[in-house]
Amino acid sequence: METNKFKYFERLSLIILIGTVIVASTIPTFGKVQAKERTRLRMYYSKLPSGNKQVSVILTSGRGKNTANVADAVISLSVEQEDTTLFLTDIITKADGTAELQIESGYQFPTNEEGFTSLLAEYAGNDSLGAASADMEIKDVILTLSFDIEDSVKFLTVIAEELDSSGSRIPVEGLDIKIGVERLYSTLDIDDIETDDEGLGILEFPNDLPGDSIGTLIVTARIDDHDDYGTMTTKGAIDWGLPVSYEMDPLPRQLYSDEAPLWMILGVVIILAGAWYHFFLSIYKLFKLKKATDL
Amino acid sequence: MNTHKKINAVNTNNDLLKKLAHNLERPSKRWIFWVIFLILIILFGAYALVRQIIDGQIITGMRDNAAWGLYTANFIFFMGLSYAGALVSCSFQLLRIQWAKPLLRMAELLTVASLIAGAPFILYCIGRLDRMHYLFIYPRIQSPITWDVIAIMTDLLFCIAFLYFTHIRDFARLRDYEGLKVAKWRMKLYGFLALNYKGTPLQKKYLHQAHDIMAAIIIPTAIIAYSLLSWLFGMSLRPGWHSTIFGPYFVITAAYSGVALLIVIMWLYRKSRKLEEFITNKHFNYMAFGLLILGLFYGYFTFSEYITDWYNQTKPMGYLMAKFLDTEQYGWLSLFHIAFTLVVPIIVLGIPWLRTINSVTFISAMVVLALWVKRFLIVVPTLETPFIPIQDIRPEYNTYSISWVEWALTFAGIAMMVLIFTVASKLAPIIPVAEVEDVQEEAKPLIRFKTQGA
Numbered sequence: 000m001e002t003n004k005f006k007y008f009e010r011l012s013l014i015i016l017i018g019t020v021i022v023a024s025t026i027p028t029f030g031k032v033q034a035k036e037r038t039r040l041r042m043y044y045s046k047l048p049s050g051n052k053q054v055s056v057i058l059t060s061g062r063g064k065n066t067a068n069v070a071d072a073v074i075s076l077s078v079e080q081e082d083t084t085l086f087l088t089d090i091i092t093k094a095d096g097t098a099e100l101q102i103e104s105g106y107q108f109p110t111n112e113e114g115f116t117s118l119l120a121e122y123a124g125n126d127s128l129g130a131a132s133a134d135m136e137i138k139d140v141i142l143t144l145s146f147d148i149e150d151s152v153k154f155l156t157v158i159a160e161e162l163d164s165s166g167s168r169i170p171v172e173g174l175d176i177k178i179g180v181e182r183l184y185s186t187l188d189i190d191d192i193e194t195d196d197e198g199l200g201i202l203e204f205p206n207d208l209p210g211d212s213i214g215t216l217i218v219t220a221r222i223d224d225h226d227d228y229g230t231m232t233t234k235g236a237i238d239w240g241l242p243v244s245y246e247m248d249p250l251p252r253q254l255y256s257d258e259a260p261l262w263m264i265l266g267v268v269i270i271l272a273g274a275w276y277h278f279f280l281s282i283y284k285l286f287k288l289k290k291a292t293d294l
Numbered sequence: 000m001n002t003h004k005k006i007n008a009v010n011t012n013n014d015l016l017k018k019l020a021h022n023l024e025r026p027s028k029r030w031i032f033w034v035i036f037l038i039l040i041i042l043f044g045a046y047a048l049v050r051q052i053i054d055g056q057i058i059t060g061m062r063d064n065a066a067w068g069l070y071t072a073n074f075i076f077f078m079g080l081s082y083a084g085a086l087v088s089c090s091f092q093l094l095r096i097q098w099a100k101p102l103l104r105m106a107e108l109l110t111v112a113s114l115i116a117g118a119p120f121i122l123y124c125i126g127r128l129d130r131m132h133y134l135f136i137y138p139r140i141q142s143p144i145t146w147d148v149i150a151i152m153t154d155l156l157f158c159i160a161f162l163y164f165t166h167i168r169d170f171a172r173l174r175d176y177e178g179l180k181v182a183k184w185r186m187k188l189y190g191f192l193a194l195n196y197k198g199t200p201l202q203k204k205y206l207h208q209a210h211d212i213m214a215a216i217i218i219p220t221a222i223i224a225y226s227l228l229s230w231l232f233g234m235s236l237r238p239g240w241h242s243t244i245f246g247p248y249f250v251i252t253a254a255y256s257g258v259a260l261l262i263v264i265m266w267l268y269r270k271s272r273k274l275e276e277f278i279t280n281k282h283f284n285y286m287a288f289g290l291l292i293l294g295l296f297y298g299y300f301t302f303s304e305y306i307t308d309w310y311n312q313t314k315p316m317g318y319l320m321a322k323f324l325d326t327e328q329y330g331w332l333s334l335f336h337i338a339f340t341l342v343v344p345i346i347v348l349g350i351p352w353l354r355t356i357n358s359v360t361f362i363s364a365m366v367v368l369a370l371w372v373k374r375f376l377i378v379v380p381t382l383e384t385p386f387i388p389i390q391d392i393r394p395e396y397n398t399y400s401i402s403w404v405e406w407a408l409t410f411a412g413i414a415m416m417v418l419i420f421t422v423a424s425k426l427a428p429i430i431p432v433a434e435v436e437d438v439q440e441e442a443k444p445l446i447r448f449k450t451q452g453a
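Order-wise, the sequence lines are chains R and Z. Numbering that gives the first Met the number 0 puts the first residue of the first sequence at 0, with every later residue one more than the last. Numbering that gives the first Met the number 0 puts the first residue of the second sequence at 0, with every later residue one more than the last.
Honestly, the hints are just simulated from the structure, not real lab data. Heads up, some of the hints might be wrong.
[Claimed, not checked] Computed far set for chain Z versus chain R, every beta-carbon distance over 12 Å:
no.	residue
1	Lys18
2	Asp54
3	Ile96
4	Ile140
5	Trp146
6	Phe157
7	Tyr163
8	Asn195
9	Leu206
10	Met213
11	Ile216
12	Pro247
13	Ser358
[Stated by the list, open to error] Below, computed lysine-lysine pairings styled on BS3-like, alpha-carbon distance capped at 25 Å:
no.	chain 1	residue 1	chain 2	residue 2
14	Z	Lys187	R	Lys289
15	R	Lys290	Z	Lys18
16	Z	Lys203	R	Lys290
17	R	Lys289	Z	Lys18
18	Z	Lys187	R	Lys290
19	Z	Lys187	R	Lys287
20	Z	Lys270	Z	Lys18
21	R	Lys289	Z	Lys203
22	Z	Lys183	R	Lys289
23	Z	Lys183	Z	Lys18
24	R	Lys287	Z	Lys203
25	Z	Lys270	R	Lys290
Glycine included, each C-beta is placed from N, C-alpha and C at the ideal position.
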């Protein structure tokens, strides 16, 4: 009897022990102090065709294959100015870990003597994620497009200038600029040009690009992720394209029409009505069959 | 004396039912193991589907270029079998073909089983199943997809109704057959499903009318539904799909594969249920003739399709045709398709001394397999040959390869179809007893023409 009792307690203790180990092992912090995960903050600057400036950040945690975007994190943006720091604003990261700040074209960042603005982004971290920061120095650059025709040859000229601390324009030499034209969903790259010591880049413009109905092309000049200037795009319209007629086809594809044609609606209704009428007629015959038991 | 005498039994002569009733009684161990085996295959398919829903379509072979694959090929294949079953059974019904009566139930079951097993395949292709109800909330009448959804659902309901209509007299016979050793609930079920049928002249008349109406409406519904499926391809501009003959070509292909599978089913039931008395040499002979005629039609359409594509001078069409000839791509599959849908069947079915029950059945099985391959060849090579290749993607994303998930769901579909046959033929005789007994009885045709002097 006592042996049985002992066995019972022995088994119960064993079950409780195993249960405790299983439950405890599912708790991530059991038996160790959780270290904060490393985070990484990256910052990008771009100047949009409208002249607005955009500062973008992306916050990630972990390393290698375990890298994950951090959402809903507060990032503080500020401008460093000699010994002082000018706070701009806080931005909050989205689900993909990115956050953006757009600044109207009229606003000028404070600059140092060389015309550079020092941007600083900071993430304070939380209980599980460590703090992170990123900084960059950027300079404002102005791209101006001009269109000229000499001896029936079309030339696109791009002038690249930067502003010094006094606000005067200084030509930028050796700047790589990508020239393209806007298409429906993306930009069609035409060529790359490099500016000379006067800040001028010249391209002989092709004659065979399709434009809109009057031949208008939207020409873009773009700097991609430059160390000093970030990303920048300037646009200009010129009627150097081949006019293309986009008149409505005499018989547009029916799938894309807003509403189905009347003949199709009528056809579907008639076919379905005919089919379902006969279906219900045969079901009606079954009801009659069920009742027709007398000879 | 009351002339409206009630009759309590449909038929007192149960000789035929006696011969077939043992198949409906207590299932054997072999039958139970077979059903468990089929259910296990279906469950494995369900597991694969759950994995696909959790992990996404990345675990299938479908990628940027070939956004359709085995699922779509299976969908077309099963739908084809279903429409063929409907065409065959309804034509037999309307034309009062007496010799075909033992085959009616198999053809009707083929229709419903393949429709139930095949329709879900189109859902497996959908990346966002959670948005499927948009098809009903925001339908676009001008979209062929909408036509197809409406047609398939209508066809499924009509075919289930027709299958039930053809069972009513047999349910009545089973209800009244005292020698049947089955559970009470089954007897009650037979009584409920028999709709009080007692074989009165008026009941016979109504049942024949219901049969004929459904048969007459299912034939055009099946043809329209399968043509709509073909137009999903034909209305696109892709090489190999943009074809005006796809509608009739699909219908002929469906009939060809359906009749071939019906022959295989006949052979299987004849062997497994010892039905040599009912499914005779004559049935195989007639069905073989039917298969031969359909094979010749199929050959004509296939030749028309390839010869017009062959003369097409566009580059993508050239690339596509080259893939059918390249043994490192789809050459072997194309050869297999041509050999077993055209060359071998026409030789074996056309030469009398080669035509035996076993050879006809073997050829039919190969025709079914080759026509499944054909559906794969319609879907995949075209998608791998776009007019403008997608740029900057991984090279392996340009081509399609079947994953284990797709195979699992394919075998689950086949198992589902076989399971429906297995269970349905346990509930009611696979040979329609009442139909076969009334072999001399002819229903009045729907339309009667006055002949001169009549």
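Taking the hints in turn, this is what the structure says about them:
With a closest Cβ-Cβ approach of about 27 Å to chain R, Lys18 of chain Z is found to remain outside the 12 Å limit, as its non-interface label requires. At roughly 17 Å from the closest C-beta of chain R, the C-beta of Asp54 of chain Z stays outside 12 Å, upholding its exclusion from the interface. No Cβ of chain R approaches the Cβ of Ile96 of chain Z within 12 Å, the least distance being about 21 Å, so the stated non-interface status holds. Interface exclusion of Ile140 of chain Z from chain R breaks down, the closest Cβ pair being 4 Å apart, not more than 12 Å.
Residue placement check: Trp146 of chain Z does not keep its beta carbon more than 12 Å from all beta carbons of chain R (closest about 8 Å). Not every beta carbon of chain R lies more than 12 Å from that of Phe157 of chain Z, the smallest distance being close to 6 Å; the non-interface claim is violated. Look at Tyr163 of chain Z: its CB is around 9 Å from the nearest CB on chain R, not clear of 12 Å, so calling it non-interface is violated. A beta-carbon of chain R comes within 12 Å of the beta-carbon of Asn195 of chain Z; the shortest separation is about 5 Å.
Chain R draws Leu206 of chain Z into its interface by the beta-carbon criterion, the shortest separation being 6 Å against a cut-off of 12 Å. With a least CB separation of 5 Å from chain R, Met213 of chain Z falls inside the 12 Å interface cut-off, contrary to its annotation. Ile216 of chain Z, annotated as away from the interface, has a beta carbon of chain R within 12 Å; the closest lies near 4 Å. Non-interface call for Pro247 of chain Z relative to chain R: holds, since the shortest CB-CB distance, roughly 18 Å, exceeds 12 Å.
For Ser358 of chain Z, the condition that its CB be more than 12 Å from all CB atoms of chain R holds, with the nearest at approximately 40 Å. Taking the CA atoms of Lys187 of chain Z and Lys289 of chain R, the gap is about 16 Å. The hint holds against a cut of 25 Å. Taking the CA atoms of Lys290 of chain R and Lys18 of chain Z, the gap is about 31 Å. The hint is violated against a cut of 25 Å. Distance restraint check for Lys203 of chain Z and Lys290 of chain R: the Cα-Cα separation of roughly 12 Å lies within the 25 Å cut-off, and the hinted pair is therefore satisfied.
Taken as a hint, the Lys289 of chain R and Lys18 of chain Z pair is broken in the structure, with Cα atoms around 28 Å apart against an allowance of 25 Å. For the hint linking Lys187 of chain Z to Lys290 of chain R, the alpha-carbon distance of about 19 Å falls within 25 Å, and the restraint holds. With a C-alpha separation of about 21 Å, the suggested pair Lys187 of chain Z and Lys287 of chain R falls inside the 25 Å cut-off, and the hint holds. With a C-alpha separation of about 15 Å, the suggested pairing of Lys270 of chain Z with Lys18 of chain Z holds against the 25 Å cut-off.
Annotation: proposed proximity of Lys289 of chain R to Lys203 of chain Z holds, straight-line Cα distance about 11 Å (limit 25 Å). Annotation: proposed proximity of Lys183 of chain Z to Lys289 of chain R holds, straight-line Cα distance about 22 Å (limit 25 Å). The straight-line distance between the Cα atoms of Lys183 of chain Z and Lys18 of chain Z is roughly 21 Å, inside the 25 Å bound, and the hint therefore holds. The suggested pairing of Lys287 of chain R with Lys203 of chain Z holds, with an alpha-carbon distance near 11 Å, which does not exceed 25 Å.
A distance of roughly 41 Å separates the Cα atoms of Lys270 of chain Z and Lys290 of chain R; the hinted pair therefore is violated under the 25 Å criterion.
Of the numbered hints given earlier, the model fails hints 4, 5, 6, 7, 8, 9, 10, 11, 15, 17, 25; all others are met.
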